[in-house]
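Visitor: Whole structure, please, built from the sequences with the hints as guidance.
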Amino acid sequence: MHHACPSHCRADIRPLFDDTCQYAHINCDALNAPDPVPFMAPAAIGTNLFVLQISRCDIPEGLPASAMEPFNDSMLRIMILFSNLTSWDGPLPSSLSSVFIRYSNLRSIPLALTTNLPPLLCII
Numbered sequence: 001m002h003h004a005c006p007s008h009c010r011a012d013i014r015p016l017f018d019d020t021c022q023y024a025h026i027n028c029d030a031l032n033a034p035d036p037v038p039f040m041a042p043a044a045i046g047t048n049l050f051v052l053q054i055s056r057c058d059i060p061e062g063l064p065a066s067a068m069e070p071f072n073d074s075m076l077r078i079m080i081l082f083s084n085l086t087s088w089d090g091p092l093p094s095s096l097s098s099v100f101i102r103y104s105n106l107r108s109i110p111l112a113l114t115t116n117l118p119p120l121l122c123i124i
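For the record, in the sequence shown the residue sitting at position 81 is 81 according to this note's numbering, with numbers rising by one throughout.
For the record, the hints were derived by calculation from the structure and aren't laboratory data.
A couple of the hints might just be wrong.
[Unchecked claim] Across the chosen pairs, the derived CB separations fall in these ranges:
1. A43 - I109: 11 to 21 angstroms
2. N116 - T86: 31 to 41 angstroms
3. S108 - A43: 33 to 43 angstroms
4. V37 - R77: 16 to 26 angstroms
5. F82 - S108: 25 to 35 angstroms
6. A41 - M79: 14 to 24 angstroms
7. A30 - T115: 16 to 26 angstroms
8. T114 - P64: 17 to 27 angstroms
9. A43 - C122: 25 to 35 angstroms
10. P119 - N32: 16 to 26 angstroms
11. A33 - M79: 28 to 38 angstroms
12. A44 - S108: 12 to 22 angstroms
13. I124 - E61: 16 to 26 angstroms
These figures come from a predicted structure and were not determined experimentally.
We treat Cβ as the ideally placed atom computed from N, Cα and C, and that holds for glycine.
Guide: Right, here's the structure in full:
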């Protein structure tokens, strides 16, 4: 039986015994919530997330490691758009291959993108 995905889940697949979200777009402005982390809960979207897009969220210090950990083996891409991001210590999921940060308050490359990089990371 397929369970309804939350509104911020933009793509889900339905292989046998899997009804989890594959692409989540968390637009905090549209969701009327400043923090994206509650919308990343594995209970709501599962742990097989391939793409995470964060838009218009209050994340000056990036996404916390505890919020990223459930997706350590599945996440391929993170996109952070229109944020007040000023720093980000990481770590990034080990499966990550691309990171897009656009329209942020970064003044330099954050630690998350210079230290202990995932082995498949090829696009920053």
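Visitor: Determine which of the earlier numbered hints do not hold for this structure and return their numbers in increasing order.
Guide: 1, 2, 5, 7, 10, 11, 12
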